[in-house]
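Hey, can you work out the whole structure from these sequences and the hints?
Per the numbering used here, the sequence shown starts with residue 299, numbered consecutively.
Do not rely on the hints blindly, as some may be mistaken.
Claimed, not checked - Here are the simulated DSS-like pairs of lysine-lysine, each with C-alpha atoms no more than 30 Å apart in a straight line:
#, residue 1, residue 2
1, Lys414, Lys430
2, Lys359, Lys550
3, Lys743, Lys713
4, Lys727, Lys743
5, Lys414, Lys550
6, Lys639, Lys573
7, Lys416, Lys573
8, Lys723, Lys743
9, Lys359, Lys573
10, Lys573, Lys713
11, Lys573, Lys550
Hints listed in this document are in silico derivations from the structure and should not be mistaken for laboratory results.
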Amino acid sequence: MASVKTTFYCQNCGAQSPKWIGKCPACGEWNTYVEEVIIKEKKPSSWKNKEKGVKIIKPVKLEEISNDLNHRFVTPDLELNRVLGGGIVAGSIVLIGGEPGFGKSTLMLQLALSLKNKVLYITGEESEQQIKMRAERLGQKNENCFILTETNTENIFYHIAELEPEIVIIDSIQTMQTPALDATAGSVSQVRESTGEFLRYAKESATPVFLIGHITKEGILAGPKVLEHMVDTVLQLEGDRHYAYRILRTIKNRYGSSSELGIYELNNAGMRQIKNPSELLLTQRDEAVSGVAVATTMEGIRPMLVETQALVTQSVYGTPQRTSTGFDLRRMNMLLAVLEKRCGFHFGIKDVFLNIAGGLRVEDPAIDLAVVAALISSFEDIAIENNICFAGEVGLSGEIRAVNRIDQRITEADKLGFEKIFVSKYNRKGLDVSKFKIEVNWIGKAEDMISRLLS
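Below is the structure:
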């Protein structure tokens, strides 16, 4: 007979307690513990029903371990290959999160239809007819793509053992239920246990598994935080509902860089890859306007040019307003203090609004120089020419600090037709500027750049 057990789980971090407590000792959050009734049954892994015997694992030497199972196979989606570190790794388990309607299911179905491998797409949210309609809208066909509408993991692993797919896609992990637990779908224990079963299957069979996950109203992946620790890769699909593009950002990756991103455009035909994001993020205008400067930023190893927009106006109310979109507000206040202290511009009585065009959020400190240029341009109401861009970090003393990968930043600006770029003079060492058509202006302080722009 199955043993019945009642326990409490923290919805934030997944910590377990035999009784309800107000504050979680693991993560420090209040009122996050929920009661769940658990029925544990001893049963073998159903996906191995056809196999006889039990595999005995023995310790082996590091030199004797074969890495044949860690090979990657490249997908037709170049942006997905980028965020995964070069392709899908055999036996890896990937978690993809994002807000509803941002294109998670569309991206995964598009991947399933584009691969030549045998793919099993398991959905617990949509019917087979809905998946069929979406596939017809994408305009792709694949005889090796199989659709399964099921939420019971025992039945899922039975079909997996019958079909033996090369890739498994779960949409979504919050709808999956394991018979080993008597808890509702989407609960902390069900999400964790279901993920554990798919994790064991992926590692033992060397089959890649993609898990689609919901996010909460706070913007984090639903379920316990331990879910992110269990998987190999965590991808986040971000964007703005008022814009058509979507950003697939790497949060965690055991097989590659964790600072990569891929950019897509969501349209009626699915998710279109954006090979040159700089052209998408830069506004096309006929004449120059004040308060606009172009910065060269890096996302992982990918250079991009983004447009910074600033508006400086006379303060109407007693306390000046400070608003920033896509840029750290505290860093903007620091740059305003530097301009007031070192350069003599009085922003204390001005309202300041700063925006990164396109809804993108940038954390690269190399964008500081473009922010300063946009602020001064709006303050003096003098437009910066469209063929000028900036790359540099501004220090508290007003010095322009060197930034990393300066050659890639200059190359990207040169490729897009910019004629002049302002960079720190401390980046000059070891850099051959003769190979660039763009004019490189070396500056050491913010005053030097401002005097050149206003002259």
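Here's how the hints hold up against the structure:
no., hint, in the structure
1, Lys414 with Lys430, "19 Å, holds"
2, Lys359 with Lys550, "28 Å, holds"
3, Lys743 with Lys713, "27 Å, holds"
4, Lys727 with Lys743, "17 Å, holds"
5, Lys414 with Lys550, "27 Å, holds"
6, Lys639 with Lys573, "42 Å, violated"
7, Lys416 with Lys573, "27 Å, holds"
8, Lys723 with Lys743, "9 Å, holds"
9, Lys359 with Lys573, "44 Å, violated"
10, Lys573 with Lys713, "14 Å, holds"
11, Lys573 with Lys550, "23 Å, holds"
In summary, the structure is inconsistent with hints 6, 9 from the numbered list given earlier, while agreeing with the others.
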